[in-house]
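Dock chain P against chain H, hints included.
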Amino acid sequence: MTTMPPYTSTTNACKLCRPLGASLAFRGIEGTVPFLHGSQGCATYMRRYIISHFNEPIDIASSSLGEKHAVYGGAANLKLGLRNVTRKYAPQLIGVATTCLTETIGDDVKMIISEYEGEFHTGEGHPRIVSVSTPSYGGTHMEGFNAALQAVAEQLTEPTAPHAGVNVLPGFVSAADLRYLKEMLGDFGLSFTLFPDYAESLDGQALNDYPLIPAGGTPLAAIRAMGGARMTIECGATLPERSAGSSLQRLYGTPLCRLGMPIGIRETDRLTAELAALSGRPVPERYSAARGRLIDAMVDGHKYLSGKRAIVYGEEDLVVGLTSFLAEIGIKSVLCASGGKSGRFREAIAAVLAGLPVALPEVREDVDFHDIEDLADNLAVDLLVGHSKGYTFARKKGIPLVRVGFPIHDRMGGQRLLHLGYHGAQALFDSVVNTLIAKKQDDSEVGYTYM
Amino acid sequence: MQTATVLHGRENQIHRKGTAPFAIDCNKDSLAGAVSQRACVFCGSRVVLYPIADALHLVHGPIGCAVYTWDIRGALSSGPELHRLSFSTDLQEMDVIFGGEKKLYAALIELIDRHRPKAAFVYSTCIVGLIGDDLEAVCRRVTEEKGIPVLPVMSEGFKGNKREGYQAACRAMARLVGTGDTAGIAKHSINILGDFNLAGEIWLIRDYFQRMGIEVVANITGDGRVDDIRRAHGAGLNVVQCSGATMDLATMMREEYGIPSVRVSYFGVEDMAEALYTVATFFADPEMMEKARAIVREELEKLLPELQRYKAALAGKKAAIYVGGAFKAFSLVKAFRLIGIDVVMVGSQTGTAEDYEELQQITDEGTIIVDDSNPLELSAFLQEKEVDVFVGGVKERPIAYKLGVAFCDHNHERKEMLAGFAGMLNFAREVHDSVMSPVWQFVPRRTKEI
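First to last, the protein sequences are chains H and P. So the first sequence is numbered by my numbering: it starts at 3 and just counts up by one. So the second sequence is numbered by my numbering: it starts at 1369 and just counts up by one.
Here chain H stands alone, though its shape is the one from the complex:
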């Protein structure tokens, strides 16, 4: 049982707010403009935060509420904002997420949107509008991300004849991870809907013209038909019962297969086994060979890693996957920490370590970096694995940091970090082992040139 941290205040949070997660999810849908119903600052702060990771434009519209709207309600501005976004961006979909301001003043967003559609929606050529409730006084960006997917799954899908496609909901992963999954699904010969898919929209090419909405994203037609898929594969070891995948199951009877994030050997094996069964094909050579090379590399490097002690932090689903992989290569996670509080974190870590000869690490939900630092004091840590916000702590303690996940604000290419599959595990392995070797080399008085 995890305990609440002993402090009232939060210092250097290890989580972000719900509307940010919703904005990222909406950005992964073709032709969609994310729209925050609230004050202007929320959209701007989140854009800035996201830009610093992806180095890509991300336009998030806002209803820009002012003082009088806080008193009399934000309906008029929400409608004006929707109209302006429609005129300017000609989107196929507008994803409206609420903020603490509009949740607290009690705007009935569903009703306002339905009024708006009655007033302005004239059928063809007008965008669909979905809405999701994302007050940031509860949950984290992951609840926002998942809630947006669920809202889209519930509001956009239509009864569809069964088809051969598979829905794949990978969770909050990098643009490189999404590209990798698409290749993998293609290599298995599967027809699929990857949802969301910001592989291009948040990691696009140099252009001659500024696009109104960046190319890429899960096609709306594919989303509409998700109910008819053979199966939904939903990744995330700490997902709540209610999710996009469970909604599809409830509404259309689409079978749901829940997996952890495919990080490391065993969690990737689970995914490839599922894909092999679905496709009726063996695991393609590209992946079995990568798995073989990974194991070869793990053997080559195992002595640099054996018994090393790591703190892993970030989103719960990601931490579960990383902890699983680290255990496979001989690194002992001594603390698994997250700002999230799913209530399932500890159980998921225990499940993913089952069968490996390792002790259960300290698992903490709902912590910030002050707590992590407190807890780390007696843990003799060799390595931190997490996003770039751990740098402050890493620097202070002189512990090397392997950057993974989101955000990466102090390095280039966070969107191109590959975490998933055997190839992702190989990249993580090289990064982890070389970080530890570099530390040993730099700290050595001798200056070894062979390690």
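Hints listed in this document are in silico derivations from the structure and should not be mistaken for laboratory results. Glycine included, each C-beta is placed from N, C-alpha and C at the ideal position. Do not rely on the hints blindly, as some may be mistaken.
Restraint-style ranges between C-beta atoms, simulated for each label pair [claimed, not checked]:
1. Glu126/H to Glu1379/P: 26 to 34 Å
2. Pro1389/P to Lys70/H: 28 to 36 Å
3. Ala1681/P to Gly309/H: 54 to 62 Å
Only chain P this time, still in chain H's reference frame:
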């Protein structure tokens, strides 16, 4: 080439110099759905107070407001670094229902005991404005119990734009001013207002003033200290930079303590020199003026030959400017001119009518002047004007890069000093290094031309 789609309601916030008698709408609420580059009231307060390094900055609200402003500025400190931590009450649903005062009180006590700050600023956010927490009462109670100033900053996000946030920050600081001992302050003394010590700029500026024989009482707020601000009313003059961030404090100090103020800018050679002369003129001290002239002479002797090299490479290039406050834009127009670059577009998030009037006076015919713009307009302007280099903040950078346009970071988190004479050289170098990079030959924009 594409022309900007301008939304109904924004037409009058864009002016093309020479096409009509000058008129521009500004200081308006951002248009819903327009994807403004502006932030909120909280942002305005947070940027102004942020660099005060020995104060506790507690954001009373849900987690987002605190986490998006964690270590967000390049505001350096020569001592304590409390400002680089992100403190929040992380309000939860139950707090919203039952009120957040108890949590705020407990958080303040806990953090003050842990960090022993010289003062605490408590930032109000949207939600606190709605649930009606009595910030004033909680702050008063903690002030009494802990014996340090605990100051509410009324920065509810929805109560306007950044400008209102500046005012809220100034009101909070005004409560500190006048509470310290002013004994021993030299005859010729100033406060530096509106420099935030990004990349160490205020150290350079202080050095110039000290070389002129002037004592700097308080940095407001770059490398700022609570005790300095408490005795800032002992200074002879407030030297204020920037559009509006700290002007309100200068006004309050004039009304309360009769301290006059002058407005300056430290960006670019002309404005930097003018800043030193303005202060020397104020003190009406010929010796000081001579020292100012000597500094300018000495610095320019080093600087101008080097600038000449950059100018030779950059002459005829075209620049666009989009910044928070318009005052910075004046200096940038002049600084670009000094290195032979024409400014073809200039805009700001929060400029005033007077600011834009001045911008249209100092810019060339055909220059686009824009208030509270957005990505689609800005990208269209970059293309229409065939801009070579764009200067702006973090949110403008990907617009330029996506279109294959060079970029100069003039934002709060930059690591390069751009103020002062040395800063002018850094500016020229940064513009040069970006514009002259070999990467542009590969971008679609250029490959199409060939």
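For each hint, the structure was consulted:
1. Distance hint check: the CB atoms of Glu126/H and Glu1379/P are about 28 Å apart, consistent with the given range 26 to 34 Å.
2. With their beta carbons about 33 Å apart, Pro1389/P and Lys70/H fall inside the hinted range of 28 to 36 Å.
3. The supplied range of 54 to 62 Å is met by Ala1681/P and Gly309/H, whose beta-carbon atoms lie about 56 Å from each other.
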